[in-house]
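Please dock the two separately framed chains into a single complex, following the hints provided.
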Amino acid sequence: MSAETNGPLGGAEQTFDAGLPQRKRVAVAWHTLFLASTIIGVIALTALLYTVINQSFGLVAVQNRIEPASLAVDGVPLAQLTQEQYVAILQANLSPGVFRRYDSEQPFTERSRENLYALVLERVVQPRYVKTWPLIAAFFDRAAIETEVARDFPGAKLVFRSWVTPDFLRSPQASAPELAGVRTAILGSLWTILITILTALPIGVGAAIYLEEYARASWATRLIRTNITNLAGVPSIIYGMLGLAIFVRGAEALTSGAAFGLADPTTANGRTILSAGLTLALLILPLLIINAQEAIRAVPRSLRQASYGLGATQWQTIWRHVLPSALPGILTGTILAISRAIGETAPLVVIGASTFIVVDPNGPFAKFTTLPIQIYQWTSRPQPQFRNLAAAAILVLLALLLTMNTSAVLLRNRYSRRA
Amino acid sequence: MGVGMTAAAAGTPEARASHEARPAHPLQRRRRPGEALIQGFLAFCGVISIFTTLGIVFVLGRESLLFFSKPEVTLAEFLLTTHWQPAVGEFGIWPLVSATVLTSLMAMLVALPLGLAVAIYLSEYASARARNLLKPIMEVLAGIPTVVYGYFALTFMTPTLRTIFGANVVEIYNTASAGLVMGILILPLVSSMSEDALSAVPRSLREAAYGLGATRLEVALKIVLPAALSGLAAAVIVAISRAIGETMIVAIAAGAGPNFTLNPFKAAETMTGHIVRISGGDLSYDSLDYDSLFAIGMLLFLMTLGLNLISQRVVRRFREVYE
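Residue numbers (my numbering), protein chains in the order written: chain Z, 1 to 419; chain B, 1 to 323.
Calculated directly from the structure, the hints in this document are not laboratory data.
Among these hints, one or two may not hold up.
What the hints assert, rightly or not - Here are some chain Z residues the structure puts well away from chain B; computed CB gaps all over 12 Å:
(1) Arg23
(2) Val28
(3) Ala29
(4) Gln106
(5) Leu158
(6) Arg161
(7) Ala176
(8) Gly206
(9) Gly240
(10) Arg249
(11) Pro372
Said to hold, decoys possible - Some chain B residues judged to face chain Z by a derived CB distance under 8 Å, without partners named:
(12) Arg32
(13) Leu60
(14) Tyr125
Quick reminder that beta carbons are idealized off the backbone N, C-alpha and C, glycines included.
Next comes chain B alone, as it looks inside the complex (with noise of 0.2 Å):
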């Protein structure tokens, strides 16, 4: 790399000079534009991070303000109602988060226990050649794009709700449908962050406990667990997080139109299955729906980041360190 050989082979005596004059200064560190521009550009990608950060906080705290500054709205009304309708001019954003929580609800009571079940097993019961085997298939149920698991809500789990509980009762539509599947999105999640915190946990805390006495299973309850606690903690926080911005399972099998109940077996628009709904059609610049959205999407984001930063937090304050 002919880089470094630039200042010396300038020729300018100054150079020459202090190329001669090297040895009375042999620790001096000679200059390299090449190697600092380069630098600077690597550097320029790290900071491209922050300025996606900053992006998303600019463009949707501009586009809730343009909302909020519309003569037609409150933040009052917004934060209090619960009726959505745009149309007629109806701002509140309860129907959409009363559907968005009811999804994730369903979704973490699918997930949260399986999850850590799955996760208690792999890591304290299966033998090798068992993890072998199940752990690509957590992997491969990871790995499938949420479009997929949209389509398996409402051509399987829906029918499927149908049929157990009747079709007058489950409409085609429906929350319960899109948080169970969501349920299952989760699940390899949940189970490869609860299996990291419990694995993480030393050999020598188990053996203590056998030497004890202890079954295998107190020994997962009463030693491992509560010893992984704040891993566990942090993966059911991120679990809630990826729920609540889930997308495409409830913009296909939740229903379209705002409805604030509380019947999982009724159709209702979580907050980004409204989003999904309303850009996909012709949707005109600086309208009051264009704005709308990003209302939406700031309350989303600052739920999903509040519940991510609570999780760091709890990783950090909470971890027990051994050794």
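Bound conformation, chain Z alone (with noise of 0.2 Å):
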């Protein structure tokens, strides 16, 4: 550009040089003002992350009803006696009545050596977490915690804890944040899931091939893409009234399983595993049509036309021809949309998920719980130890969406290398 008074453009260019300066400068600032927002975004997950980690490990004040060391005989520990020390400890120390009762639940003859130590630690030595101290603060505070726990709690052990261990995936759903596991919660999320995919798969793929393949251009059609637009905005809540009025009360002869002899009529509802799978069905079934849509749009028409060029049907080009190349894509959609159930809660909420569950649940006829809904019941408690095992039980869950999300983008990634 030329320099002198007089240029080409009449002296524009020095309006134009004067003028840069001032406008780099405005372009730094909000540059570095784009760049500090999306560092924002990494921050709060990075502190999200932080929070549910520094909660779920930390140390534990331990308090027992009855020291271990005072149950010892003859010097052997506790933790070594044979099975009839521990059923004498436990006859001693259980009023008659209850001592019956786990009797008749499972003779006590019959029963292992560690399932007596158990049985003893949980009704006898009883250890009780009076407070709890998350991560950081165990790192950085110890000895003010030490002080604070031989001050305020005498004879209560400090210990560290991992609240995730393996004892808290095998364990079922207990009053007491001692021994609560999440094992019936994810039995019941796997179950609802599983109704989910078996109902909302064939339909959400039938209902993209339609659209994709046989569907002409009408009024009808149309109507069928907006309302599917429209239904992956409702609010998931509302699927979950509709769970309410539908499943669980509109069919409740069916979804209670009532219908089917494999429930008491007099007691059975229909806030069972079945009604909760069939409302994620309906919920997730826009996002899996839209999803499976691109996936058979992104097919080839080349491909089609060969095959109808050999003289197969329709019906045989999609079968043989659309959907196995169509299928990567078509499961990538599916694991995306099935991530998006597990982790819902509200609907779940409505339909009438129980939150205390400790018999596992057998069947699509069974009362239930879902993760989500554990840790929404625990977080609601005022207890400091629930919060851990909400932490706790969080990162079950995202450990599990993971898991499934990698999967999702290993095959899309596979996909396309193929493709």
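Okay, structure coming up:
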């Protein structure tokens, strides 16, 4: 560009040059602002993970009702006693009624040593977590915590505890935070998702095939398309109300299992895994259809034309050529939809998932709880120990979702490499 | 597949005649009942989505009508009064609506500027490497279940707010904490929708502006942003609709109990929070409580549906079509 005063632009360069530093300063300021916003997003994610992990591990002050040391027999510590000695301890410390109840559940003579030991710990030693501290405090305030425990809870022992343990995954829900686990919640989630997949996958893929391969441009097709877009924007809690009115209440005989003679019609109600699974299926259906449509649309036309040219019928073409090439895309979309369903809480609360389930759900007509519901319920409890449990359950849920999303991404990458 | 053969293999004289006469009508379409059956089933799958919508409208409408036909309730009271206390027969929707508006407003204050800035950064500034790093982070944020955000609001955001503004000002349950965290939840939605809109603007527009000596910022704000306005507006509207329907964060962190207040540091219950709390207990069918939930649900459905329809209209009517 010319620097002369009377250049081809008649002096416009000078104005241009004079304004330049100012414009550059503004540009740098905004650039920083845009970058800062993005960093705030990253910080938010970090803060969220930090909160969950901070609460999932930490120190607990354990106070035993009866010290295990005082239960030692002839110098042999509690953990190494024989079966008969455990039974004797139970008999000595439990009321006769409770002792008989355990015996009638499963006779003491038939119980394993581990089972008896767990029972002694649970009913006799009764460890209670009187106070908990999160991970960061456990690292940096250890001394202060130790003095606090010595002052406020004499007799309590300070131990480091991970709230996510194999026992946490294996034990059912319990009212005591020391013993509670997510086994029933995980099983409930899996059962619900199974029902959701079995119903939503065929219907969703079927609808997508219809819209992409069969439907002609007509008002009815337009209506269906617009409708699916709108359904995708309906809040999930509305689906819960739909499920409550239709599956739980309207089709109670079917969803409670009473119609199949699988449940007692006088006590059974429709608040079952089947209702939950169907409700979530309706919820993810729009998402699934939209994803499957995209996958089917991505199959090249030439493939279909080659098949038609060889004399195949429309369905033969779809079944043998279109679907197999669209399958990875459909699966990716399905996994993403399913991971949305796994995290859903509101609709299940509305259709009435129970929060306190200690028995494993044994089929579609069982009462149930799910992982997110368990998290919600523990989070709303006032005692801080339940916050730790909720954090541990969140870790389990996030691990589950991460596994699913990773497999979806791997599937997508493999697919896009081949295409 | 044998389905196509049934008509020809039936062996009736007519069928054989038509089979033999085929060369005379080479373009006649053969009837295939199996194919028609499959097509019928697939069409049924497509129609299920219509049934879902009809089901929602029917269920919400019927129970709402039941609710308003009760002698204790009038539509005027529902829409015009400011006390929601079913126990004493007061059904004014405003405390629930005000809390919903308040949390959504807080969420928008966070999500709109941040989401838009993230979108501009990712689409106009970021290098391919930065984008590959940042986009998955936004996707992870979008994939985290809302109940986890609720936990985050209660155990991180609320204590933080209480430290900053003082524990006597900020209640343990408050709409500010729920709203701010909801903003973080909606941020990825806004940023990904906006980014799609921005990157749909053709390169030639940007290059023309650069050619005239515009800085990167001027291109982004004065050329790309106006060109993508319809998409951005749609993103904003969808985000508002999402905020209104968001449930678990407010159910956990905003408070239990309707409260007509505009103070974001006080506890208040939103429409969705109320539905979850009441239906979480043992709710008997056909009670006034049960029906009232569906009236709230109807209002919620109409609000979100209205917003979604507006957003689709905005996209259709104001979209700049290039080439």
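Check: Which numbered hints are broken by the structure, listed smallest first?
Finding: Numbers 1, 2, 3, 8, 9, 10, 11 - these are the hints that the structure violates, sorted from lowest upward.
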